[in-house]
Amino acid sequence: MLRELSADLGPLSPGATRLHELTTDALDEVRDELDKRVSRIATPGLPDDVREELLVAAMSDVEREIELISTTLMPILEGSASHKVPVELEEVLQRGVKKSARPRFSIEDVVLFGDHGKNYRINLVGVGTGGLRQWSKNLDRHRKRGATAKDTATRPADTDSREDTGEAAEAESRLVILAAPQLHRDSILLQSVVLGHELGHLRDWNHVVSTSIADEVESLTTDQLSDGDPDDGGSSGALQTQLETSEVAASWLSEFAADAFAVYAVGPPALFSIIELSGSGEGSTTDSETHPGADRRIAHMLELLHSLEYFNPAGTVSAEQPDSDEVGADRKDRARVELQSHLLALNEQYEGALDRSVHVRPTLTRSRPAVEASWEFCRSRLAQIREGVSAVMFDRYTIERWEKEVPYAVEALARGVPYGERREPDGILREASSRAILNAGWHVKHHRLDKLVSLLTPEDGDDDPHDARTRASQVLDGLVLKSFEVATYRHRAVSKGFRSPGDPA
Amino acid sequence: MPPTDTGPSPRASVPQEILLERLVDGADPFTITPLPAGEHIGKGSIDLRLGTYYKTARRSSVESLSPDSGELPERLFEDRRVAPGHHTIIHPGQLVLASTLEYLSLPNDLCGIIQSRSSFGRMGLVAATAAWVGPGYKGCPTLEVVNLGDLPVKVTPYLATCQLVVFYADENDVRPSRYQCAVKPGYAQWTRDKYVDMWSPSSEDDVLRQPPQ
Chain A
1 MLRELSADLG PLSPGATRLH ELTTDALDEV RDELDKRVSR IATPGLPDDV REELLVAAMS
61 DVEREIELIS TTLMPILEGS ASHKVPVELE EVLQRGVKKS ARPRFSIEDV VLFGDHGKNY
121 RINLVGVGTG GLRQWSKNLD RHRKRGATAK DTATRPADTD SREDTGEAAE AESRLVILAA
181 PQLHRDSILL QSVVLGHELG HLRDWNHVVS TSIADEVESL TTDQLSDGDP DDGGSSGALQ
241 TQLETSEVAA SWLSEFAADA FAVYAVGPPA LFSIIELSGS GEGSTTDSET HPGADRRIAH
301 MLELLHSLEY FNPAGTVSAE QPDSDEVGAD RKDRARVELQ SHLLALNEQY EGALDRSVHV
361 RPTLTRSRPA VEASWEFCRS RLAQIREGVS AVMFDRYTIE RWEKEVPYAV EALARGVPYG
421 ERREPDGILR EASSRAILNA GWHVKHHRLD KLVSLLTPED GDDDPHDART RASQVLDGLV
481 LKSFEVATYR HRAVSKGFRS PGDPA
Chain B
1001 MPPTDTGPSP RASVPQEILL ERLVDGADPF TITPLPAGEH IGKGSIDLRL GTYYKTARRS
1061 SVESLSPDSG ELPERLFEDR RVAPGHHTII HPGQLVLAST LEYLSLPNDL CGIIQSRSSF
1121 GRMGLVAATA AWVGPGYKGC PTLEVVNLGD LPVKVTPYLA TCQLVVFYAD ENDVRPSRYQ
1181 CAVKPGYAQW TRDKYVDMWS PSSEDDVLRQ PPQ
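Going down the list, the sequences are from chains A and B. So in the numbering used here, spot 500 of the first sequence is number 500, and the numbers just go up one at a time. Position in the second sequence (first residue = 1) + 1000 = the numbering used here.
Chain B extracted, bound-state conformation (with noise of 0.2 Å):
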């Protein structure tokens, strides 16, 4: 959807020249740290990197996880780091959680898609799941790359393995971040889901002990 004469319209790519004078200008809010090449900035997206902190998970005893696991995820995981110029192995039907070398700001009037790159996913990796990037975020995006092939494959530090498709936001949908002002891969923060609790065997009985209204 093209911008309007009254402005742009929510949910319509951002064309190139705009996010490269935003980009550029030191005292619009919408910035990305460090700041892509040019040749990494195309229409309407914006190439992102792999940063050099990952979360893998070990081996354990723990037979399942579920939202109700607390902190249990936590301790699953394992931290990594690996040096740029250095690599990691991520292998067949592997989870790893990584983050986006770049830190975005995106201001109330900008949203954001994250999806991987096709040749990354040629070789079996997608880089993304969790896409929705919204207005007012800020942080280095969680990336989950899973290994859907059945090979190995080999990653590097600061690979481009996703991009940002950037979109005009409507600015009274600005709604804060559980992962706020993240640098490093962050595991789920579950909260409680009343839809789901009242459906607990507690919450059964305390249903039929109400009298009827």
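Bound conformation, chain A alone (with noise of 0.2 Å):
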């Protein structure tokens, strides 16, 4: 398959044809390695059986090491083809990656790729410290030490990707590996949204918000974890108790703050996604190992939003009186007015999530005291999490923002016209910001989707009203597509100095 994809490397991302590069190398490593160890097999004198003992020790290690490249890297090559993702993204995520990276870190390569399963991951694989390369260094001491080549197979290298959670701090250079399920391939609306909430993971770790946090929970006390449970009197218990609130709580804390990264990131399409993604039904309300419950995230997320001022739970809707001097007040109000409407109609919704019991599953593999102990230190520290986050997200998508560029984007996608560019007040054709082209794009979707129906559907169309819109929905994801391309094209048209026609002499 590796050369498959070589004699097609056309669609291939930046990113991917890196991996690509990394896992040949990984692949000569291998090679070399084993070559290497078969030459010193061969060395006269050496026992038979001894030979025959480094030489079936040999096979396996090689043996294991392609199977680990096999089972881990291949299928990101494969699910990172062009028709298993939106690469459209790519440079949008790039972009999401560098302000989000931390200084020392010079390259980090974005590798989108589309999963067989139906989760979104992010994992960090570092290119310098890992790999083939660590594997092959860790074989060689063993062999300067004296050790057999049965030893050094107990010790393979980790070439797996793995979630860093800071530990790869010395690497020089990183792939981020994200994955996002290839039955979303088409909802460029959903994907790119929740994909923003995965970048807010990277951010969180490189910027040390909920691991700082959580750290807090060992603190916590034996007595303090068994308080009120009957079943655990032993101290053993009680550890086992304390290691898995710590886990859960450390979890959830960076959904949380995934969560607040994406909603000062992008604003309300954060929340929008996770509203969409969770259903309404009894997965929106149960807390798992990995994460809380939707409708807490949720809760969490419409405190943030109100705090950047999208809405006042406490007021009204209203509209401020147009300014006469200004274009498109009008639409400014009536898209300010529908957003707000929305937000306050959910945060009624979600009133008292956030003051809910624990609901877990019957499969859970945690005990529900540990769960229990876990939301009560989260819930604790929500205030903390988003002080946190504020402190070092400086690039806020505020109201402010979302007014001067979403009604417009507005108007256009609901017109049927993808919205990647736009004229600058100095005159100068620009690219749209890809949080506008998000925010318009759910807006219209929440809002003005009748508008896209009429303009796809006949007047004397017979066409079935739901089929109808989930038709319009499909149209208006390829326009929000389209809309990151052209703004992707504009962006480097720009920055290569070419100019448009109407841009000042």
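Derived by calculation from the structure, the hints in this document are not laboratory data. As the structure is a prediction and not an experimental result, all values here were calculated from the model. Treat the hints with care, since some could be wrong.
Claimed, not checked - A short, non-exhaustive set of chain A residues, derived as facing chain B with CB atoms under 10 Å:
1) Gly79
2) Ser82
3) Ser500
To be verified - Covered by chain B, according to a simulated footprint, are these stretches of chain A (three or more residues, beta-carbon under 8 Å):
4) 25-38
5) 246-253
Yeah, the Cβ is synthetic: ideal placement off N, Cα and C, and Gly gets one too.
Two independent chains are provided; combine them into the complex using the hints.
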């Protein structure tokens, strides 16, 4: 498969091309290592049984390494083919990664791949310290110490992509591997925002927001954790509960922090995507080992949107008097009122979600007291999470910015035209912000889809209304995708100094 | 046909300065995005670029295609995307469905015809056969790129391969396109043709069974 990809590198993104190169390097290293070991095994005078043992061990090592590459890296490469992911998003994601990077990381390439599963994931692979090179070094070190081949086989390199919570801090270069379900291939609005949440994890790790708070959970005493649990009498049980609490709390805090980063980065769509993914059924109120219930996350994000002045729960929806000198004041007011009404309705719907008791599935692998203690801990630290995120997130998408660009983008998308470029006040045609595109896409989906339906359906058409809305949603996703492509095109054209008709002389 | 005192005549080509003026005016419903560079807006025509999505036929055991094939053609064509900066090869005799980079939104008073650029044609490539773009059309038109030459041709996304010749249209002549708002190349959406269907064997039986009027 690697050869097939080599013959057809066109469909691979820059990040995937880099991963492809690294995988090829890794396979070369395995091949070189095998050659070296075979040549040593061929040394005259070595007893046959030792020779046989070394050969078996060498083959076993190689087999393991190749299996590791096949099961971890190849599915990523295969899934990164252009027809399995919306590759137009990669440049946007790459920019997001750059914004969240720590200064000492010189290169962070994004690899977006379509996964067969249904979950979104982010993994970091430290290229400088991980991979097959490390395995090779370990192997060499063991050999110099006189270890047998059998010993080296017990220390395989960790080439598995893993969630990095800061331990690979000295790496010079990393790959940010983002998995998105292939099932959502054409749901651009959904994918792009959920990937924004995943990038929130990256920011969280880079700025050590949730992990610094999660460390506090370990200071909770065993007595505190076992309080009120009659089944948990022994100290080993309490210790187990403490460990589980620590794990669950760390995971939940990480989710709350990523949500907060996503809200600050893109605004309301961060909330809408969670609502769409969780649905309205039981799934939305179920707390799992890794994620708090979606309703809690939504309530938390609504608090953040309130702090960013997107809506005021105490007030009523009102449109300011349009400024007659301002072009498009009516459309701005209409869009803002629609958004505020929507957020107020959601705020009412999810009121109390942060106060409800823990609701878990019977298949939970952690003890219920641990989950309950985790929630109590997380709940007491939500404000701290928000403050921590706020302290490092300077580029917030506020309602003022929303008002400046989103209503115009909404108008364009609702009349079936992509919004990838806009004339700036200085008269130059520049790319539209990806955040405006996303916000406008969700806004049209919630409030103006009927306009798209009427555009797509002939007056005498007898289309089923449900089918017509489904088709309009698909068209909207296409328009958003095209908007991203146009924005990327315009960004590059402007940065190269190309002028557009209408630009000032 | 030049514009008359009572307004432009339908089918008169639109002058370069009007094209520029209308495209730059944000309030005008005539939109092309990304906006072509000034040098690509000519006298009555606008250069269009190849997009990044392609549909190419895969080898299969299917003997032939026809308008009755239903969704079969969609399954026979596979999607490909060639990233900007990369290229793909179109082999002699190969049909590739592509679309333009530019998204067109034509108002009701304009229509157009898409034609291959001659320099492209001289390499053997014909980029557009379904040339008509009606008033009110929105989307990235699908280009049927065929290599009629003897040599493989390398193509790159964003290559200006064809041009839209713009004409004034009769505003009463707006008919919604079946391919409205498409951003990727699409295969044919056939509709039943009653004038073909009336010759089908089953239809003939029905006619024979009917008593003469």
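Results for each hint:
1. Gly79: 14 Å, violated
2. Ser82: Because about 3 Å separates Ser82/A from the closest Cβ in chain B, which is inside the 10 Å limit, the hint holds.
3. Ser500: 5 Å, holds
4. 25-38: Violated, because only 0 residues of the stretch 25-38 of chain A bring their Cβ atoms closer than 8 Å to Cβ atoms of chain B.
5. 246-253: violated (count 0)
Hints 1, 4 and 5, counting from the list given before, are not met by this structure.
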